[in-house]
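Colleague: In order, the protein sequences belong to chains A and B.
Taken in order, the first sequence gives residues 16 to 229; the numbers are from my numbering.
Taken in order, the second sequence gives residues 66 to 219; the numbers are from my numbering.
By construction, these hints were calculated from the structure, which means they are not laboratory data.
Cross-link-like lysine to any residue pairs, in silico, SDA-like; alpha carbons within 20 Å at most: (1) A/K109 - B/A181; (2) A/K109 - B/N189; (3) A/K109 - B/G119; (4) B/K212 - B/D160; (5) B/K184 - A/A107; (6) B/K184 - A/P106; (7) A/K109 - B/A188; (8) B/K184 - A/G105; (9) A/K109 - B/E191; (10) A/K109 - B/A118; (11) A/K109 - B/G195; (12) A/K167 - A/T223; (13) A/K109 - B/T182; (14) B/K78 - B/T68; (15) A/K109 - B/T186; (16) A/K109 - B/A109; (17) A/K109 - B/Q180; (18) A/K109 - B/I120; (19) A/K109 - B/P183.
Some residues of chain A that are not near chain B, with every Cβ distance over 10 Å (derived): (20) T56; (21) D150; (22) P226.
All C-beta atoms in this analysis are idealised placements derived from N, C-alpha and C, irrespective of residue type, glycine included.
Listed here are the chains, written in short residue letters.
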Amino acid sequence: MLANQRLSLRLPIFMLVVFAIWIVLSTLGAAETGEGKTTTTDARLADGLSAWEQVYSVLTHPRCINCHTATNYPQQGDDRHRHFANVIRGPAGKGVPGLNCVSCHQETNADSTGVPGGPNWHLAPFSMRWQDMNDRPFSSADVCRAVTDRSKNEDLDGPALIKHHEEAALVLWAWNPGRRPDGTMRTLPPLTHSEFVAATRRWVEAGTPCPSGR
Amino acid sequence: MATYELNVNGQRKQVNVDPSTPLLWVLREDLKMTGTKYGCGISACGACTVHVAGIATRSCVVPVSLIGDRPIVTIEGIAQDRVGRAVQDAWVEKDVVQCGYCQSGQIMSAVALLQATPKPTEANIEESMGGNLCRCATYVRIREAIKSASQQLK
Chain A
16 MLANQRLSLR LPIFMLVVFA IWIVLSTLGA AETGEGKTTT TDARLADGLS
66 AWEQVYSVLT HPRCINCHTA TNYPQQGDDR HRHFANVIRG PAGKGVPGLN
116 CVSCHQETNA DSTGVPGGPN WHLAPFSMRW QDMNDRPFSS ADVCRAVTDR
166 SKNEDLDGPA LIKHHEEAAL VLWAWNPGRR PDGTMRTLPP LTHSEFVAAT
216 RRWVEAGTPC PSGR
Chain B
66 MATYELNVNG QRKQVNVDPS TPLLWVLRED LKMTGTKYGC GISACGACTV
116 HVAGIATRSC VVPVSLIGDR PIVTIEGIAQ DRVGRAVQDA WVEKDVVQCG
166 YCQSGQIMSA VALLQATPKP TEANIEESMG GNLCRCATYV RIREAIKSAS
216 QQLK
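So here's chain B without its partners, still in its complex pose (with noise of 0.2 Å):
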């Protein structure tokens, strides 16, 4: 077991796991931050996606003893920015969910999207979003969503 700091939203937390524990049970069953899903395990699905220092991560795959000091996004605080809040929005106008259980990740991978690209072509949403896996198949709904957030952010 090893101690440690985290910064998830913001905020400095403190755990105490053996290193090699994904960073999803972490947020999971140490800080009781049950937004972030598990899927597949082996990050093949994008239903755990958080941000890490901004890049859309693979909270699954990823130990806890690799995060360093890099901060720590997830779905409970991506409100806390203006294209997070956006895609949320848009998410609910477009009403996107069906059973919602890859939706948090969805919109992780989204708004790291369009972070970087705040004008998507359908191929780029293609390519951002293709690891990103909906048993619902909303997906023709997360690409309206995605454009709507993106004429938003105008």
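Isolated chain A (complex conformation) (with noise of 0.2 Å):
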């Protein structure tokens, strides 16, 4: 009889335990899944401000923004300077007649006299302007966000601007960039273009984060 009894009473409280035991099991495990989530998001959004800054690097390169000026003429040279001639950008982006970008550049560059060339060769439209009127780089987190516009540049979402950075003729051209006059060869970007186009892709797939502040 006073068996039956403690076994009644010790039934509830050993209950009460694994009840416990699981809630607290239950409460630690959801803890831990959700430190995991919080830690992969975490990794993946500094992977991506890592790409980022890589692409911002190359954007940022002579062969790049001296076309994606913010002035009324293209620049030339790796310090960055006017373009000679009187060159002015003109409503298009692609001079004015008589003195339009194709009155010089051809479809190649012609090396046997040192002017650069490729398709269709033009400035970036005002709004992909990387610089500010002093010709000084915009920050990593104002290009950022420029690039990232899909008011400014032309309605490209991530995969459009992995294409663009894998494809477009002006954009390899940053790699072949043929010789100065002088007969030396132009300086190329701090990537290779399959390492540019990595890490754009690193970037998108990471949901194109930009750099906080200015």
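Using the hints, put the two standalone chains together into the complex.
Modeller: If you want it as structure tokens, here you go:
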């Protein structure tokens, strides 16, 4: 009788303990899973931002930013001086009648005369300027915001940005810029083209994150 | 060396030259069309301007191998065009020329301007002619002639 009474007392306590342990373990498990998600998201964001900084290092290289100007004229050379011969942007970024970009720049580089060339040579639209009016490149955050703003970037979404960096003829030219008039080779961006495309892809796959601040 | 078939002022011309030869030297040396002048050789002065597919082009920096089948018009052929004729008449009327060395390039750029912009503003003229230099500083008469040609083309 006494044994039965003890058992009837112990059983609810035992079940209570089991239930409590289950609650604790469940809570811990849920917390661990959530923490994992947070960690994964943070890592993806960090990787995306890291990839963006690689992309930014290319976009602000003279081979790219010389034609992504805020000025009314293209720029030239690694010192980014004003394009000689009074060349100006013109209404469509292609110069003006009598002094078009294609007045000199042909479909390919002309290494015998040092004039670079590529299909449809022209300036990037003013909305895609990556520098201020004093020729200073915008910050990484500002360029990122401009590049991802579809009202400014000719409506390119992430995949289209990858395609642009991978295939656009004048983007490709940056890795085949030809010779200067003195016969020496023009400098190249800090990444190879395949590294640039890979960095763009990582950044896009991370959701095109942009650095905070200005 | 390579052989190229060029369309110059509406005529087929065959030349056998190094592919890297600038169009200017093909015109002057091989085709003996010396109206187009050598000035700076780096596309900075505009003296060598011709039209390639209707675009004013600095012939001193364009290798002949990049011309393809695009038609070329030089100062020798520009009067065949209505605008070209009007510009040359205006040049005579305004007595633009001093030494004359840069003037074929000036005329070719002016024609390109007026073909695209028949009624140019002062700013249009300034921008389009800004790459053509004149050591005699005939700029004022050049502007007057362009405006006169524009009037004649009404």
